[in-house]
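Student: Each chain, letter by letter, is given below.
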Amino acid sequence: MARTISYREAINEALALEMERDPSVIVMGEDNAGGEGSPGEMDAWGGVLGVTKGLYHRFPGRVLDTPISESAFIGAAIGAATRGLRPVAELMFIDFMGVCFDQIYNQAAKFRYMFGGKAVTPVVIRTMYGAGLRAAAQHSQALYPIFTHIPGLKVVVPSSPYEAKGLLIQSIRDDDPVIFCEHKAMYDTTGDVPAESYTIPFGEANVARDGGDVTIVAIGRMVSVALDAASQLSTSGIECEVIDPRTTSPLDADTILESVESTGRLVVVDESTPRCSLARDIAGLVAQEAFGALRAPIQQVTAPHTPVPFADSLEDLYIPDAQRVVNAVKTATEWQRS
Amino acid sequence: MNDDRIQRVTMPKWGLSMTSGKITEWIVDEGATVAIGDDLAEIDTDKIAGVLESTWAGVLRRVVAPAGADVPVGATIALVAPAEVSDADLDALVEQAREQLASGVVPEVSGPVPGTVTVAGRTISYTTLGDGGVDGGETVVLVHGYGGDKNSWLFVQEPLAGGGVRTVHAVDLPGHGESDKDVGDGSLEFLADVVLGFLDAVGVPRAHLVGHSLGGAVVTAAAARAPQRVASLTLVAPAGFSPEVNAAYLRGFAGASTRRALRPLLGALFADESQVTRQLVDDLLKYKRLDGVQKALDTLLDTLLSGDAPAIDAAPLLAAAGVPSVIVWGRRDAVLPLPDSLPGSSVHVVDGAGHMVHMESPHAVVAAVTEVTGG
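Going down the list, the sequences are from chains C and X. For the first sequence, the positions run 1 to 338 when our numbering is used. For the second sequence, the positions run 339 to 713 when our numbering is used.
Now the in silico label distances, taken between C-beta atoms and shown as ranges:
{"hint": "1", "chain 1": "X", "residue 1": "395", "chain 2": "C", "residue 2": "334", "range": "51 to 61 Å"}
{"hint": "2", "chain 1": "X", "residue 1": "620", "chain 2": "C", "residue 2": "195", "range": "12 to 22 Å"}
{"hint": "3", "chain 1": "X", "residue 1": "421", "chain 2": "C", "residue 2": "3", "range": "43 to 53 Å"}
{"hint": "4", "chain 1": "C", "residue 1": "3", "chain 2": "X", "residue 2": "408", "range": "17 to 27 Å"}
{"hint": "5", "chain 1": "X", "residue 1": "649", "chain 2": "C", "residue 2": "54", "range": "41 to 51 Å"}
Please keep in mind that the hints were generated in silico from the structure rather than gathered at the bench. In this text the structure is predicted, and so the values were computed from the model without any measurement. All C-beta atoms, glycine included, are put in the ideal place defined by N, C-alpha and C.
In isolation and in its complexed conformation, chain C is listed as follows (with noise of 0.2 Å):
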């Protein structure tokens, strides 16, 4: 039955449930069961925001602590996915991804590929991104772009606890490389959550909100900031229909031209930067396959074109919120050809 739980808990619980289900899924990654054995330290950590935490001892030999070298457990993740595991690999920050580019970009997305399909890689790699918690620019970044433009990879940026849940289990279940990035400031937020398993596929988006007026496309942790701007519009009469991919790749294409069909109104709103982003990318699709269904020009909402600041008052500059979507969306509408 479905209770509440937060997004953390969620994600545990997706791989708990699987490690239970299937023997061949394990967990690996730096503080995944970290301070386990040493004394006074008998609860792992959990990783850095104890998303694994309980995992070690109710898997024993399947949690495994790696050391600080990214490019070697991500390839011994991705090797042992080849070889009829289901790693579910933890790399702390989607900003340190960049250590292990060979191994994600082109080793694990091409196998399948290469080996004429013969090759399966099934493997997770689970990631934090986003700004909000006064990391700093090498650890804040939203980089799930970068991801979405590689072939042969899947790309899951859940917006919310249940989201998490049943896409997480879908991306172990599934037999590619899956990039599973989590907002590291949604952990504490919480939802309505079935105890048991699910699956969500991917490729299909979730309609938040109905609304005829603008069409609102969110990413992740976006969907929040534009479902509230959606309500604080609704109040003025402006109705706005509210999408989340759920996955970036593949993308439900489908879904966002019906609704750009009946609105004629494009809002995108991405936490990443502005070049070569989601927000440029849905952008493209929909000038190209619906041009004639738009009433106003496309807007998108996005981090500016610079790294993450660590002033506080400049990050929270940085980040889009509800303000900047509501502006945007008044755009769209009072828009008129000059």
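Following the hints, put chain X in place on chain C, whose structure we already have.
Tutor: Here is chain X on its own, set in the frame of chain C:
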């Protein structure tokens, strides 16, 4: 001031999570005469939009909460009374009710209480409302149809339990809702035994059974297996009585895994397609994504269909049971079309309803149960 000729219309509690509702429209005006079952107001919650039906006959003398008001569950929203009750008496009650609304302190209304029991090695989930049945004779058990769950009775469970005359359980069959998803061989006999096992588990020797669609065939089979346990049957668009079945709908429902595939199918359930809300589609998708549900629905499809024809013949079971029964059917049913003839003495055809009679015309179902239970 407790004039028992004055009846309070209160904000209903439709489902476990409902704490308040918004009156979107009053369908009848102050001063209008209303009968039991008449539509009074449209009410919107964060989960569902529905129509509040009158449980009283009289004149809608006062509207306490106007359209647009957000009102806590249990609060008085209108007063129904005969014409001879004085304005002064009514106005005093209105003032009292408005003070209560303004203070926000409304007596707690107990909604359906969730519970689980173990039947045939499986966890069976259910909700209970009311406490009228000390001897078991006034216990009612509601059994949903294929792909449904206990919450589909939300408009029926409360009025049936109203006034504390009945204990009303709504169960999730195996494979459905929050019950275990293992349906065994999926046979009617197995499902009927689960219903009888449920009665054992909650300690009820004899109950009135109400079943919709597949659930209608299930409760009929249960009555045939153990007639002494079944005080009456209310069959709502039951499977096993119609020579035809919309096999394309059933197969489509079982196979649909996306919103785009599922949504267009669901219109077949209702006379009024606007009942297919985003919430309904989302709730069904959430159910269908649970592990084990696909297998359960596929297994049960073989119970329901033989080729494109119905696989269940429930008429002999009803005859064998020999218990009092009533059948309710929507004239515009597009899943199990209304048959030309039906067994039993009491058949109610509801003109404005499709397959989901208990959601579209809950009063018709409540009236049928009331008729057969003699309450």
